[in-house]
Amino acid sequence: MKGLADIWALKGRLSFQFNLMVPARLDSPLARDYFKTELEHLKETLENKLGIISRESLQEAILLFNRIREQLSNLYSRMCLDPSRLSGKALAQIVRAGYQMDREHYVNLLTRLLEVWPDRLEEKPLKVPIFLSGNVVHSADWFSLIEEAGARIVHDDLCSGGRTLRLTVQEHGDPLEALIDRYFNTFFCPTKHQGIYAHQEILFKEVQESGAKGVIFLLYKYCEPYYFDYPDLKRFLEAKGYPTLLLEIEDPSQSREQVKIRLQAFVEMLT
Amino acid sequence: MGKKDTSQKSYRELQSLTAYRRLMKTYYLIAKYPKWFGKKVAWITSGGPVEPLYAMGVLPFYPENYGAMCGASRMSVSLCEVAESQGYSRDLCSYARCDIGSSLGGRGPLGVLPKPDFLVCGNNICGTVIKWYEIQARAFQVPLFFLDTPFVYNELEDHTLTYVQNQMKEYISFLERITKRPFSEKRFLKASARSLEAVSLWKEILELSRNRPAPFAAFDAFIHMAPIVTLRGSRWAVWYYRKLKKELEDRVKRGEGAFAREEIRLIWDNIPIWYDIRNLSKILFKYGAVLVADTYTSAWTLRSLDLGKPLESLSRSYATVHLNLGLEHKVAKMVDLMQQYQADGFIMHSNRSCKTYSLNQYDLKKRVSELTGKPGLIIEADHTDSRSYAPIQVEKQIWTFVELTKKR
Numbered sequence: 003m004k005g006l007a008d009i010w011a012l013k014g015r016l017s018f019q020f021n022l023m024v025p026a027r028l029d030s031p032l033a034r035d036y037f038k039t040e041l042e043h044l045k046e047t048l049e050n051k052l053g054i055i056s057r058e059s060l061q062e063a064i065l066l067f068n069r070i071r072e073q074l075s076n077l078y079s080r081m082c083l084d085p086s087r088l089s090g091k092a093l094a095q096i097v098r099a100g101y102q103m104d105r106e107h108y109v110n111l112l113t114r115l116l117e118v119w120p121d122r123l124e125e126k127p128l129k130v131p132i133f134l135s136g137n138v139v140h141s142a143d144w145f146s147l148i149e150e151a152g153a154r155i156v157h158d159d160l161c162s163g164g165r166t167l168r169l170t171v172q173e174h175g176d177p178l179e180a181l182i183d184r185y186f187n188t189f190f191c192p193t194k195h196q197g198i199y200a201h202q203e204i205l206f207k208e209v210q211e212s213g214a215k216g217v218i219f220l221l222y223k224y225c226e227p228y229y230f231d232y233p234d235l236k237r238f239l240e241a242k243g244y245p246t247l248l249l250e251i252e253d254p255s256q257s258r259e260q261v262k263i264r265l266q267a268f269v270e271m272l273t
Numbered sequence: 036m037g038k039k040d041t042s043q044k045s046y047r048e049l050q051s052l053t054a055y056r057r058l059m060k061t062y063y064l065i066a067k068y069p070k071w072f073g074k075k076v077a078w079i080t081s082g083g084p085v086e087p088l089y090a091m092g093v094l095p096f097y098p099e100n101y102g103a104m105c106g107a108s109r110m111s112v113s114l115c116e117v118a119e120s121q122g123y124s125r126d127l128c129s130y131a132r133c134d135i136g137s138s139l140g141g142r143g144p145l146g147v148l149p150k151p152d153f154l155v156c157g158n159n160i161c162g163t164v165i166k167w168y169e170i171q172a173r174a175f176q177v178p179l180f181f182l183d184t185p186f187v188y189n190e191l192e193d194h195t196l197t198y199v200q201n202q203m204k205e206y207i208s209f210l211e212r213i214t215k216r217p218f219s220e221k222r223f224l225k226a227s228a229r230s231l232e233a234v235s236l237w238k239e240i241l242e243l244s245r246n247r248p249a250p251f252a253a254f255d256a257f258i259h260m261a262p263i264v265t266l267r268g269s270r271w272a273v274w275y276y277r278k279l280k281k282e283l284e285d286r287v288k289r290g291e292g293a294f295a296r297e298e299i300r301l302i303w304d305n306i307p308i309w310y311d312i313r314n315l316s317k318i319l320f321k322y323g324a325v326l327v328a329d330t331y332t333s334a335w336t337l338r339s340l341d342l343g344k345p346l347e348s349l350s351r352s353y354a355t356v357h358l359n360l361g362l363e364h365k366v367a368k369m370v371d372l373m374q375q376y377q378a379d380g381f382i383m384h385s386n387r388s389c390k391t392y393s394l395n396q397y398d399l400k401k402r403v404s405e406l407t408g409k410p411g412l413i414i415e416a417d418h419t420d421s422r423s424y425a426p427i428q429v430e431k432q433i434w435t436f437v438e439l440t441k442k443r
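Here the protein sequences line up with chains A and B, keeping their order.
Under our numbering, the first residue of the first sequence carries the number 3, and numbering increases by one thereafter.
Under our numbering, the first residue of the second sequence carries the number 36, and numbering increases by one thereafter.
The following block holds chain B by itself, in its conformation from the complex (with noise of 0.2 angstroms):
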């Protein structure tokens, strides 16, 4: 039995997906029945401080992670018509349609899912997690700790760092009384630790994708990023993108890219269209185009965290993730991602249901285009609802794009 030739084919899968899939079912299996492995369980937001929690032994979960699973295996529309049944409009956030939905309707990729423990949210990616927290809170009646963390248009500032540092004591304190035993520094240090080296991994694994062609493309980043939002902090995220990032290597050793034909590359912004991201990666290659990078996956390389503060690093990190920068921040990360990844152009994917994301899109392709000569290419849809998607409309707005920026 020897490892899958995938040299001649037009995508080549990779083999560490083996792995992820055995790791993914893992952790599920753990978030589904918690009680058999003695834990209690965390919501958490994506963005919400993870590593305290593993100090403390608690398994987060990620209702966000879980939407995309909803939208992934095209759930999600009937979760969402659940939600709305009961008086939630249309135009909120997907992802939050989908998890209230599943706890209302008690199904879902994973079928009934646990109560909760408690819930822990942050407002670093938006504020709409504060109501669909709230929410969730009412529904299950468990407690809530929220971590307010002030939007930073221009640099952090030291009362804002103060605030968010303040209210990590405050969430270690909540944490001592919820689970009743004390904090423990030395787990905390090592979660952070691991933490600190599974976002230098996937900073690493995303960076070899500078090469030409690339060997990882962004489609294969949105599936492979699950570790790192719903396993940072723990072991098991270090090894598989140790794993996958030797792979990744010898790919880059070969001189193969992810697919076989790679004659334009893109940068892709905004969240990934969930249950149309296989229709998508065919169409690019059809065209010969492949996305390169993004801006999503991107988003969980944390500046670096100094374990000789890890409290004070951990609040800087967090509070400065992509979702919480103003818009010259954003102007400057796509711009940078274009040069490192020489890319052709960008398509931005405007998103209702992340307004958050979606809003200054416009002006970011303007200033973006301005700044470096590449042409881009706004397409409408949802993350998670596929009632707001035109798929042959989108497909032929990308032909063209395509064409264009072949020409140029």
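Just chain A, with the same shape it has in the complex (with noise of 0.2 angstroms):
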């Protein structure tokens, strides 16, 4: 990303743009105040631009993307009692349509969608739930693929995904100084240190409560980071008792079969 940036920077094509150096190190009240500084500056430069961002609209702002976080969270939960009611490549449509879509509107499409959901179970899911875990997933046809050879996502760690349930932001108190606290609670990333286990803590906790029988580690080329994790990940889990499968795919994929027939076998395994 670091690279990115200088790329578009010489391009000269965007007529606004603002490196934020968010620490690597996530672990460290000093990793903290120099963050502060950052979104500090963030914020004047924004203001210089845009005009002043007081106080109530910075926390407008946390409630607004909190409460579709929070509405995303029951739509999950939705999914793993009643996964016919909605595919997981809608669910994963769903989600990306929060990151282009007027945010208000979202929340009240959102909103709308489980008010016709009941909350209850209508009948035990057939299909083996499976939780899935990853980096950015560009086409939602790899969850249609999942569900074709028998399982059901139960829940994800995705950045385009579940991720985003873990950067809830505290709603009292100072709102930029909840900004900042988010990203030292909780681990949202492998690209940043908080401690040598903590990618396994948060993905087996998480595994754990979303009641999958397995993990699907679904890796797009290249997250490096990512990849640096998986083998580690892949041995805590099997330890655990939860048996993965590890999927490399890029798009266009150019073996879409093999993965399916893959997955079936996978699936199987479990049932």
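Treat the hints with caution; some may be incorrect.
Unchecked claim - Taking beta-carbon pairs under 8 angstroms as the criterion, some of the chain B residues facing chain A (in silico):
no. : residue
1   : Asp126
2   : Asn158
3   : Ala172
4   : Tyr188
5   : Glu190
For the record, the hints were derived by calculation from the structure and aren't laboratory data.
From a predicted model like this one, the values you see are computed outputs, not experimental measurements.
Ideal Cβ placement from N, Cα and C applies to all residues, glycine included.
From these two lone chains plus the hints, build me the complex, please.
Spelled out as structure tokens, the structure:
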């Protein structure tokens, strides 16, 4: 990303660019002080361009995004109970829409969807519950492929999916401080260091809570940090009794059918 | 028994090579059997702050330097395969795969390496090292200290320097806990002074190749850089580079170059192709080209250290190493090298394993050519994994490039 930022700047196509340097160490109060200054600089720069960002407006934005995360979390829970109502592909598309739509409109649509979806179990789901772990998934078709193989995705920690749920912000107190705190209170990305077991611990916790029987690592090329973490994550989960499957993918995929066969074999093993 | 007469050969071997080999053998002996010498060992990244380690009597060991050794001794592919068999992707940095493979398999150019007492990781060279060192911390069950140096796009800002400096203080406390001894300011100043002298000497050595013919080619620098990486902060690096500098100054007086023929002078960008240094050197010489400077070895010419404020000065130096600076800095550096060394062109190694170094190369090439009017060539390889290298193709590219450069 830091290299990309340089290229964007060189090309000069963006009228405005601010490189926010999130510290790579998120286990130290020293990093917190540094990050606070970075965020203050960002705020100041945005204010020079767009006008004052008041405490109240920041608070409102936090509330809005927290509400979005809350509704998405509810949606994930309903998917667990009753996967027949919404496919994994549709869920992925709904999550992605949240990055592009007007957020107020988005949270209203989410709320309406949940209102018509009962929060009780209609009938016991038949498909094998799996947890999907990985980075940014560009194509929602991968979710369809997983479901066609007989699995249902009960939760994920994808950058473009469930990982956003880890970024809930505290709603009381100073909003800027709250925004900083959330980066230090939870593990949200393998590019950051929060102790050598942080990734294993959070993944295991989420897998346990999800009720999944196995974990599929869906890794797009080339997220180096995740690829580095993968072998120890695999060993850790398998030692805890969770079978795993690695799918290294890229778009467009040349080996969709091969992936499908591997998925079917994995699901059969879990059945 | 006189000195070797190198004046008539196509490549003139350095007399200092004997002393170099003895020095590095001694270093690796201590690194392999530290307990014999009563030393604790810290594995540290190449851009990590080594001076506090010397102040505390800890021997630093560099897995990246070890990776280069694995590449040069052509053991890297088999070691990478060990790591890959355990689930590490082939797309990951081959230095890391070599090191992990060596640890898992208990093999390598030095055989089984002793377990480190602790690890020190600085991300001023790349983000890969964070994950690599986390893996080794888990594998060896040893403490890890991580020095975070945020990337510097334009200028080093005050709050960034404060952050790095505060972490350096934290680092010192960490070392006191691990070694169970108090930090010695006196020894720290001594180590810092030696570091300053060694990097100054190294800088002067590299600058001697501004002369025509260049007494010291980049391929020589790739070998002789080992002390500035592994022994920076010790008196041995100072001793060796004084010796090497003297020999090179004598060459300049005699008008002797590293190579007998120097028609084209080129700059190299990126980490060397460790397993093919000798061959590339021969290929370039065949076409009358000499690499006179490079961006990699000159990365260890840290900016001036102020011994009156060593901690702040070291923090500033470590936060602003070549790979931690933005593209405009890299452009300026390449242009400066081209001008100072009167280069006719440049070769860039698009290194599969080093995304940090390689990502911006196409833009860097375009800008440097625009500013200097000189051509550049990009060749694709990997610094340690020879499976990602097509030597015949690269030779053809170099031949074409050198011929075109000669015609300009």
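So, going through the hints one by one against the coordinates:
For aspartate 126 of chain B, the suggested interface contact is upheld, since its CB lies about 5 angstroms from the closest CB of chain A, less than 8 angstroms. Here the hint on asparagine 158 of chain B is kept, as its CB sits about 6 angstroms from the closest CB of chain A, short of 8 angstroms. Restraint check, alanine 172 of chain B versus chain A: the minimum CB separation of about 5 angstroms is within 8 angstroms; hint holds. Annotation: interface hint on tyrosine 188 of chain B holds; nearest CB of chain A at approximately 6 angstroms, less than 8 angstroms.
Look at glutamate 190 of chain B: its Cβ only gets to about 13 angstroms from chain A, farther than 8 angstroms, so that hint breaks.
The structure shown violates just one earlier hint, number 5.
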